[in-house]
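Turn these sequences into a full structure, and let the hints guide you.
Listed in order, the protein sequences are those of chains V and G. Residue 1 is where the first sequence starts when you use the numbering used here, and the numbers rise one by one after that. Residue 1 is where the second sequence starts when you use the numbering used here, and the numbers rise one by one after that.
If you're looking for bench data, these hints aren't it; they were derived computationally from the structure. We treat Cβ as the ideally placed atom computed from N, Cα and C, and that holds for glycine. Check each hint, because a few of them may be wrong.
Straight-line distance between alpha carbons at most 20 Å, and here's what the computed EDC-like set of lysine to aspartate or glutamate pairs gives [what the hints assert, rightly or not]:
hint, chain 1, residue 1, chain 2, residue 2
1, G, Lys251, V, Glu40
2, G, Lys87, V, Asp357
3, V, Lys64, V, Asp89
4, G, Lys52, V, Glu49
5, V, Lys189, V, Asp248
6, V, Lys292, G, Asp67
7, G, Lys127, V, Asp357
8, V, Lys335, G, Asp67
Here are some of the chain G residues that sit facing chain V, going by a computed Cβ distance under 8 Å [to be verified]:
hint, residue
9, Thr39
10, Glu43
11, Gly47
12, Asp88
13, Gln91
14, Asn92
15, Arg186
16, Asn190
17, Tyr249
18, Pro250
19, Asn253
20, Arg257
21, Leu266
22, Lys572
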Amino acid sequence: MVSLILEGLGGIALQRKYLLIGVLLALIVSGCNMKGTSKEPYHVVYSSEEITEQTEYQNRSTYKIAIVPKVMNIPYFNAVEQGVMEAGDDLQVEVIYQGPSVANARQQIEVINQLVKNENIDVLAVSANDPEQLLPSLKKAEQMGVKVITWDADTAPEGRSFFINMVQDEALGRHLMDTLAWNIDEKGKFAIMTGADTAANLNEWLYWINQQHQEFYPDMQLVETVAANDDPQQAYTKAKELLAKYPDLDGIIGNSSVAPPAAAQAVLEEEKVGEVAIVGLSSPNPMNEYLKKDVVQVVTLWSPKKLGYLTVALSKQLAQGDLPYDNQEISGVGKISVMNDTVIMGEPIDFTKENVDQYDF
Amino acid sequence: MIFNYFRNRKLMTKLMITYILVTVIPVSVLGYIAYKQYTMSIENQVGQYIPKLLEQANTNINNQLNDYKALPDALYNSSQIIEVLRKDAYQNNSALFRDEFLVNGILSRMYMTSGNSDILGVFILSKNRLFQSTKHPEINVNIEEFPSFLGEEIDLKGGTEFILPNQVGLAFEGDPPYLFMMRELRDYENQENLGTMFIAIRLNFIEQAMQGLTQDRDPTIWLTDQDGRFIYHSDPSMIGKVDAQFPHYPKINGSFRTTDWINNDLVSSYKFPSVNWYSFHRIPLNELMKDTNVVRNGTIIAFIIIVILSSVISVLLAWNVSSPIKKLTFLMKRVEKGNFKVDLPMEKKDEVGMLAKSFNSMIQEIEYLIRENYQIELKQKDAELYALQSQINPHFMYNTLETICYAVEEDDKEEVIKMVTLLGRMLRYSLNNKEKLVPISLEVSHTEDYLTIQQFRFEERIHFSLSINVDQKNYVIPKFILQPVIENAIKYGLDRCRNINIEVRMKVNNDKNLLIEIADDGPGMEEAILKKIQLSLHQNPMLRDSQYGLLNVHARIKMMYGERYGLDIESKAGSGTVVYLLLPLENNIERKGVS
Chain V
1 MVSLILEGLG GIALQRKYLL IGVLLALIVS GCNMKGTSKE PYHVVYSSEE
51 ITEQTEYQNR STYKIAIVPK VMNIPYFNAV EQGVMEAGDD LQVEVIYQGP
101 SVANARQQIE VINQLVKNEN IDVLAVSAND PEQLLPSLKK AEQMGVKVIT
151 WDADTAPEGR SFFINMVQDE ALGRHLMDTL AWNIDEKGKF AIMTGADTAA
201 NLNEWLYWIN QQHQEFYPDM QLVETVAAND DPQQAYTKAK ELLAKYPDLD
251 GIIGNSSVAP PAAAQAVLEE EKVGEVAIVG LSSPNPMNEY LKKDVVQVVT
301 LWSPKKLGYL TVALSKQLAQ GDLPYDNQEI SGVGKISVMN DTVIMGEPID
351 FTKENVDQYD F
Chain G
1 MIFNYFRNRK LMTKLMITYI LVTVIPVSVL GYIAYKQYTM SIENQVGQYI
51 PKLLEQANTN INNQLNDYKA LPDALYNSSQ IIEVLRKDAY QNNSALFRDE
101 FLVNGILSRM YMTSGNSDIL GVFILSKNRL FQSTKHPEIN VNIEEFPSFL
151 GEEIDLKGGT EFILPNQVGL AFEGDPPYLF MMRELRDYEN QENLGTMFIA
201 IRLNFIEQAM QGLTQDRDPT IWLTDQDGRF IYHSDPSMIG KVDAQFPHYP
251 KINGSFRTTD WINNDLVSSY KFPSVNWYSF HRIPLNELMK DTNVVRNGTI
301 IAFIIIVILS SVISVLLAWN VSSPIKKLTF LMKRVEKGNF KVDLPMEKKD
351 EVGMLAKSFN SMIQEIEYLI RENYQIELKQ KDAELYALQS QINPHFMYNT
401 LETICYAVEE DDKEEVIKMV TLLGRMLRYS LNNKEKLVPI SLEVSHTEDY
451 LTIQQFRFEE RIHFSLSINV DQKNYVIPKF ILQPVIENAI KYGLDRCRNI
501 NIEVRMKVNN DKNLLIEIAD DGPGMEEAIL KKIQLSLHQN PMLRDSQYGL
551 LNVHARIKMM YGERYGLDIE SKAGSGTVVY LLLPLENNIE RKGVS
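In structure tokens:
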């Protein structure tokens with residue numbers, strides 16, 4: 001604008017030099033504009049915040065997560081391992097799946113100590129064989145900067161930040177009782193086979209089995225509860241003993257995953273198929289044949305693969321500093337619910353001869 | 001340097017520059033700054049306000065997206081579908097078709113007939129089977145047609161991905177742009193892949209979310225992913241293309257504007273809360289400034305008019321000052337060259353008028369002084385000439401007296417008396433000096449006296465004749481203009497020749513001037529000498545030399561009557577000389593009246 005006027009004046013009176021001065025002045029006046037053009041194509045008018053792109057790279061720093069089961073080499077924990085490995089692969093974390101060869105606290109403590117000492121792990125996830133005995137070593141791990149959670153079987157709350165439970169204990173316990181009741185018409189004698197009698201989760205379920213029994217099934221009689229320490233051989237022996245001891249036994253509830261197959265094997269061998277109903281917790285794969293032969297009526301379980309996957313997913317999340325929250329959607333698992341410091345994975349699944357083929361664990 | 005340069009400029013230029021410096025520039029700079037500030041404040045206002053709207057819209061879109069993401073979860077509620085999806089192999093075709101019928105039906109009930117109307121179609125690709133349900137059942141996609149890259153080899157790691165519009169070769173009725181949501185169906189229990197679910201979602205929901213932004217103005221709105229690919233654009237044909245400018249945009253939640261010379265846009269951007277998507281809102285600044293620009297243009301026009309008017313006025317003012325000065329300079333140059341007949345007409349009473357007035361009076365004063373000076377000089381000259389003209393040559397006196405002496409010795413009384421009488425008359429004529437001009441008759445008789453005396457002295461050697469053809473009484477001529485010329489002729493004539501004949505003729509010529517011719521038959525003059533005399537006549541009549549008498553006469557005539565009059569000589573060696581005296585014909589009475 002200024003230059004225009006100056007040009008106009010230049011035409012009237014000024015000579016070339018003044019025109020030059022005029023143009024110069026115009027440039028000075030519009031100097032602020034010039035700055036913008038020469039430097040950047042865009043001039044920021046207002047910025048509420050800089051955008052930091054959320055890239056996957058930020059999550060790439062690999063975490064080392066140790067998953068410790070109660071015992072190695074039983075189908076249930078093998079299935080968990082599959083889930084753990086899959087999650088490790090999916091979520092790009094390094095996972096160590098290591099547990100005692102026998103389901104007791106002492107050996108498990110050793111494994112934990114070894115892991116904490118040697119492996120420089122970020123998160124330790126334990127399925128505890130004993131809620132109290134593990135505490136010192138878990139606390140030690142915590143002091144070394146390892147975040148500790150429990151899954152499958154809990155410890156005392158002070159030993160971990162949260163516990164991943166598969167199902168609600170009360171619902172599961174009562175459901176197990178119900179499944180037996182359906183199959184023996186709510187009357188008769190029955191026995192319960194459990195795992196390690198120190199395992200917190202098993203005892204919790206046992207409690208609710210008994211509650212349901214006492215509240216709703218007066219005609220049923222619990223003859224004995226035996227512990228088999230999650231050892232298939234021991235469980236088999238105990239089952240045989242039970243059958244021998246109580247010839248008029250109507251049903252067996254397996255409260256740990258090794259119990260139903262052991263009981264089924266015993267019943268099959270004693271040729272008591274149809275006389276003794278077997279229900280309980282077990283994976284569908286080992287029970288497939290028994291279910292189809294009507295040796296076992298119903299087994300109940302959750303997906304141990306899913307449990308393994310969830311444990312790794314939540315461990316990684318914890319390593320990043322986030323706690324799980326209610327109704328959280330976990331990729332590959334679905335929605336979880338959280339009550340206080342307990343994560344509940346979902347509902348139990350009943351496996352029958354009709355649907356058992358759908359499951360692979 | 002600039003100041004020196006400026007100092008030496010013309011006054012008008014200076015005035016103009018000063019005017020521009022003092023008025024035009026400050027006003028335009030102020031106006032410019034004010035306008036700039038105002039537009040900047042509008043820019044800032046809008047720049048802060050739009051991102052907030054974008055954030056709101058983004059949140060809405062994001063919520064909507066989350067809702068869409070949750071859509072596949074419904075599948076898990078149908079154990080029938082999960083059971084079918086878990087199947088690996090079929091014994092026969094009918095079993096496969098039964099399952100397809102079952103799943104397609106459930107999908108249709110679940111997604112098509114109820115729920116969101118923006119869902120165009122649902123597809124499940126599972127173990128080489130394709131289950132589908134679309135808005136328009138006639139669109140039936142074959143598994144072979146299904147874009148191969150969407151197959152099961154994609155490992156989504158349990159997550160959801162969006163395939164952006166126009167990336168899939170599937171078209172729905174009306175060809176609406178759509179977002180293709182891809183979700184891995186995970187068998188949570190078995191931790192296996194059940195297949196992949198695809199949901200085509202119309203982009204209407206984005207448009208709806210952006211409605212709040214398009215109410216009053218007509219901006220361009222678009223969404224891009226982190227590579228700058230358009231997910232949504234106000235111009236549907238752009239969807240699916242890549243924004244080449246995207247990498248250059250400032251990575252901010254906020255607003256920025258382009259910095260071209262003209263036609264700048266204000267662009268606002270906001271990142272989505274959870275995905276690497278960005279929403280953009282672009283509006284030309286012109287549109288924002290529409291109202292302001294009307295005011296601005298009005299102001300500019302008014303400003304230009306004022307500037308032009310005031311420039312014209314200032315030019316006139318400057319011209320008013322400088323033009324009289326220029327004129328003055330011009331006149332001064334003329335005065336410098338000797339022309340005092342100048343006048344600077346000026347009626348104004350301001351400084352310039354005063355200057356002109358004093359210039360005029362100064363010129364008058366100078367002219368007066370010069371004239372006075374000139375006249376003093378003339379008077380001095382006059383006095384000098386007066387002294388000169390009253391001289392009677394002492395030589396002549398001596399010679400005459402000697403002749404008288406001889407006559408006394410010879411006792412020729414009559415001759416003595418005559419000569420003394422003539423001499424006495426001559427002396428009286430020369431003493432009577434009060435009048436410069438005398439009637440011709442007096443001068444003629446004085447000349448006659450002189451020649452008669454010379455005749456007494458040289459006897460037969462001198463002859464003379466006078467022929468006067470003018471009115472001797474009434475016309476006047478300067479005193480003593482004839483005698484020096486005749487004296488000269490006698491002196492040179494008798495030096496070389498034995499006899500000399502002198503004729504004096506007076507007449508009025510054609511121009512009504514008095515022409516006096518003094519002719520002799522003496523030796524004449526060499527051409528060179530004649531030239532020399534003529535040159536000195538023209539150049540400097542006051543020079544004293546041998547031709548003093550002639551020059552004296554010439555100068556006096558000139559001084560009295562002006563350049564037109566004077567003395568001229570015509571001569572040729574051996575054949576005499578003629579001296580012409582040209583004088584105005586001056587009446588006795590006239591002259592008296594003047595002096």
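Hint-by-hint comparison with the structure:
1. Lys251(G) x Glu40(V): Holds, at about 13 Å.
2. Lys87(G) x Asp357(V): holds, 9 Å
3. Lys64(V) x Asp89(V): holds, 12 Å
4. Lys52(G) x Glu49(V): holds, 12 Å
5. Lys189(V) x Asp248(V): OK: lysine 189(V) and aspartate 248(V) at ~7 Å, within 20 Å.
6. Lys292(V) x Asp67(G): Violated, because 41 Å separates the two Cα atoms, which is more than 20 Å.
7. Lys127(G) x Asp357(V): Holds, at about 17 Å.
8. Lys335(V) x Asp67(G): holds, 14 Å
9. Thr39: It is violated, given that the least Cβ distance between threonine 39(G) and chain V is near 11 Å, above 8 Å.
10. Glu43: This hint holds: glutamate 43(G) lies near chain V, its Cβ roughly 5 Å from the closest one there, short of 8 Å.
11. Gly47: Glycine 47(G) check passes; min Cβ-Cβ to chain V is 4 Å, inside 8 Å.
12. Asp88: violated, 10 Å
13. Gln91: At about 14 Å, which exceeds the 8 Å cut-off, the nearest Cβ of chain V leaves the hint on glutamine 91(G) violated.
14. Asn92: Status violated, d = 18 Å.
15. Arg186: At 5 Å from the nearest chain V Cβ, arginine 186(G) passes the 8 Å test, so the hint holds.
16. Asn190: Holds, because the Cβ-Cβ distance from asparagine 190(G) to chain V comes to roughly 5 Å (cut-off 8 Å).
17. Tyr249: Holds, about 7 Å.
18. Pro250: Cβ of proline 250(G) sits 5 Å from chain V, so the hint holds.
19. Asn253: holds, 5 Å
20. Arg257: Holds. Min distance 5 Å.
21. Leu266: holds, 7 Å
22. Lys572: Violated, because the Cβ-Cβ distance from lysine 572(G) to chain V comes to roughly 68 Å (cut-off 8 Å).
When the structure is compared with the earlier hints, violations turn up for hints 6, 9, 12, 13, 14, 22 and for no others.
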